[in-house]
Amino acid sequence: MAVITLFLVSFIVFGLMELVPGNCAERYVAYKNTQGRASISEADIRAEEIRMGLDKPFVVRWFNWTKDVFTKGYLGESCLRRTSVNQILQDKFWISLGLTLAALLVSYLIAIPVGMFSSTIRNSATDTTFRFISYLGLALPNFMVALGIMLFSTLYFGDTLTGLFSNEFRDAPWSTAKLLNFLSRAWMPALILGWSSTALQLQTVRALMSDENDKLYVTAAKARGLSGAKLFWRYPARQALGPVINSIGFDLNRIFNALPIVATILTLNEAGFILLESLAISNDQEVAGAIIFLLTVSIVFLNFITDVLLGIIDPRIRKGMI
Amino acid sequence: MASVTAPATKASTNKESYYTAGQAQLIWSRFKRNRAAMISAILLLFFVIVGIFAPFISPYAPTIAGKDPDYLNGAPQILRFWDENGFSIVPFTYTVERTRSAATNLRWVETINKEERRYLRFFVKGWDYYLIDFFIDLPGRNYDVRWRALKMDRHLFGMDKGFIHFFGTDKDGKDLFSRTVHAVGISLAIGTVGVILSFVLALIIGGIAGYFGGWIDGVIQIITDAVRVVPTIPLYMAIAAFLPDDWSAEARFFFISIVLGLLGWPTLARRIRTHLLAERTQDYVLAAKLAGASPRRIISRHLLPSFTSYIIVDLVITFPYTVLAETSLSFIGLGLKDPVNSIGVLLKNATNVDVMLNYQWQFIPVPIFIILVLAFVFVGDGLRDAADPYAQGKK
Amino acid sequence: MALLEVKDLSIQFATDEGMITAVDGVSFNLEAGQTLGLVGESGSGKSVTAKSIMQLNAGNTSVSPQSQILFQTAAGKILDASKVKDKQDMMIIRGGEISMIFQEPMASFAPAMTIGTQMVEAIRIHKDVSKQEAKDIAIHMLSRVGISDATHRFKQYVFELSGGMRQRAMIAMALSTKPRLLIADEPTTALDVTIQAQVLELMKELQHEFGMAMIFISHDLGVIRQVADVVAVMYLGKVVEFGPVRSVIDAPAHPYTQGLLASLPTLKDFDAPLKPVPGDIPSPLERPSGCVFHTRCLKRVDRCDKAVPERSQLSADHWAHCFLLEDVA
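Residue numbers (our numbering), protein chains in the order written: chain W, 740 to 1061; chain U, 2 to 396; chain D, 94 to 422.
Derived from the structure by calculation, the hints contain no laboratory data. Treat the hints with care, as some may be off.
[Unchecked claim] Short, incomplete list of chain W residues facing chain D, as computed with Cβ under 10 angstroms:
1) Asp-807
2) Val-808
3) Tyr-956
4) Arg-1055
In this text the structure is predicted, and so the values were computed from the model without any measurement. Ideal placement from N, C-alpha and C gives every residue a C-beta, glycine not left out.
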């Protein structure tokens, strides 16, 4: 199932990149032109197209690309830089993914306990505050939160607190010190990135818990004498966990949506910015396509894991009842 | 019913109307009871009116044509009724004079002349505009569609001389109030086009999947799932980045609405499919089939009306996401661009250290934007709760 | 004293529309080993009354302070179940000496835990036994209620059982702590008629075996006639008639009871039209003044909507609330 989805996704991404006006050969030749070469002609473009295999029909190129991706993990060649896309993305992708997963973790670590707590004190003042915060999660997109924090830190600390590394580590090779530096600075971007999903997840967890609490099996368990933590964790909490796990994939998607923008504001050059850069500056559709494909693969993979997890916690799914 | 007697009559007529109310009436009566949602709905209505009548409400053109050359990066001005020179029934502000001389190191210096009062006037003559301006600018050759009517030059308010800037001005001296008012309209318009487009797609795709079911449904579900997992903003960025720079602002506007619509359909389609799958097996559909109605008639006359209200609810819920997407994109410079006014564009202009440190009023559109989206969210939530009585009391 | 004495029980719900009275001044006694049938249409407050004995009503419920639900424990202590707070006493009224079974067995088992796990858990809350001992008790109870291959069923989930089987498992779980009072909230309504009869038979059998009292809630007088010793007829939160099941059914005193009985289909005359009680239950927000039943009563007189009728004693243990009876008495 996941494989079918990936095939379709590769087709969609490849197709969309194809629809974009202009192809790689034109762009490359035009780019060379700005480097001081003589003016380009139709013939130059044609020659370049043939060299790159762009003259072959769409389906063939798609098939070749997909085959390379699935068999060799090779994502193709960058249009302008003439190196493999894998080379360009490398650890930038892993840092982005790491940051995203950290954001996901942070948001669940906050949302689940707070949401559960909120559901036990329904309609109290604290609960209303949490609900309002979760509404803000929608109205106040991550990049505005990032802006607000920057505005604040610029005004009060004179430092924008941005970037994933301090200056001295920016170009240094990976070391323990660099890793520690990364961890000491990465928490804020992670928090900002996870903001929306935290706020929304909070609302979801609260609603789910309230739903489960009203169900007959909870009353029945109370009637059998269960109470307190045992009742809470083994009955409603366990049931509410299913849909929460189910939504992890969507939250990863949400964070990926926020990543390029937040990364721009916080000047996280290492992470999502690569996407913006390769899109806006270099017009590199091969890199862009590869990035989107990789992001999607992460989501599909995560969805796959959560499906397995769901099967473990819910016997109805395991036994094929639902 | 024989023994229903006098004291119960009034109550029973109320009840009678409750029992016979249509779906829409039921939703409305439940919605009315939700105070937060009602306030939000009124606010929203206000925003929509502001958006539609933006040219009438803004005293100055939101473009470079409407700039105040004497008041660049100017702070918000407040109307007064009195000062040490006395009281005035008509509110006024002061004249700002901008001078430079050797004494000021040849830098521009603004002084407020308290002797020169500027009085507020209503329904003043100002810049020309069309009250109805429907404009589709397709890229490339001349496929543009433009239809406009009701040329006017009256504005809600203005000053007898000089300018008034409630929200201050930006670095070009453009009135931020006028820009914000226009931005609300444009952001709402983009949302509307995007939502309508995704709705049409969703209706077709979800409708087919839901009505026919079986393997058709299966295939459509797989495709929907695939489209849904692709992160939309990066994908949109990938497409928008390749838009030629020479496209006009209006063409970008139109294009963005379309892309937002194209990417927004899967969630809606899924909802419509679920509705249809649930309704399809109802007895009244079977009855219609037995009576010889065609699939088209069954879908349009029986199935769709049975959940129109729910679809409207879904649309309202989707709306803020579309507005948000536009804002995000414009903000990173891949959506709308100056001189078009959208909230994203205004935010982008505000994001630099100079503005942050010295001209914070340029962030005024932010709270307005937040209120707008919150209003949508509350209305959407209120509608959803009203449409689904079983959800009541759980919140 | 009796096993259970409910005195002047009044319960209200706080809702968005205001306070709703669900139970209004209900009193009745239940002797050990007896079965009380609680009859009434939906919304009559019978479930709320039963749940209040175990403090199971939702958080927006308030029991008025003068209400008393006195329960005599095995140790001879008398607990007011409506005011119990102490954890030990709570255990007694929840699952220890009072157990409850619900209308929908499917929904009353947690979906993602095996039946065995839930039974063992419940048994170990109330009895100081090892896991293995609890498991033995559970399997024994399962086979006692007629579930074949109990060892296997023990490991299954509720969705893997059939409807009748689920209700049996629910009964097994409720009885595994040997309660002195079993509250059964429409236990057979969701089952089809043949299985319904089996389950009723089983419940009567088990009641004798365990010597427990039972509160059996149903809207169906036919079912009540089979299982109950005494019956309380409820309408809009009030007990309108109370008495031994025989005398209530043979000589119903309250017009509502008469209406309910008249609405039962008879086997003697197939062509006789069904006679439902006319009208609908009024909305709980518009509680009728005076006698709550006057809006639907076929025998109403002038003062019915003005004053509340007092209790009229028809015999030592049979009483009802109706002005017509006052005149007779």
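Here is what the structure says about each hint:
1. Asp-807: Interface hint status for Asp-807 (chain W): violated (43 angstroms vs cutoff 10 angstroms).
2. Val-808: The hint is violated - Val-808 (chain W) has no Cβ within 10 angstroms of chain D, the shortest such distance being about 38 angstroms.
3. Tyr-956: OK, holds: Tyr-956 (chain W) within 10 angstroms of chain D, min 5 angstroms.
4. Arg-1055: Holds. Min distance 6 angstroms.
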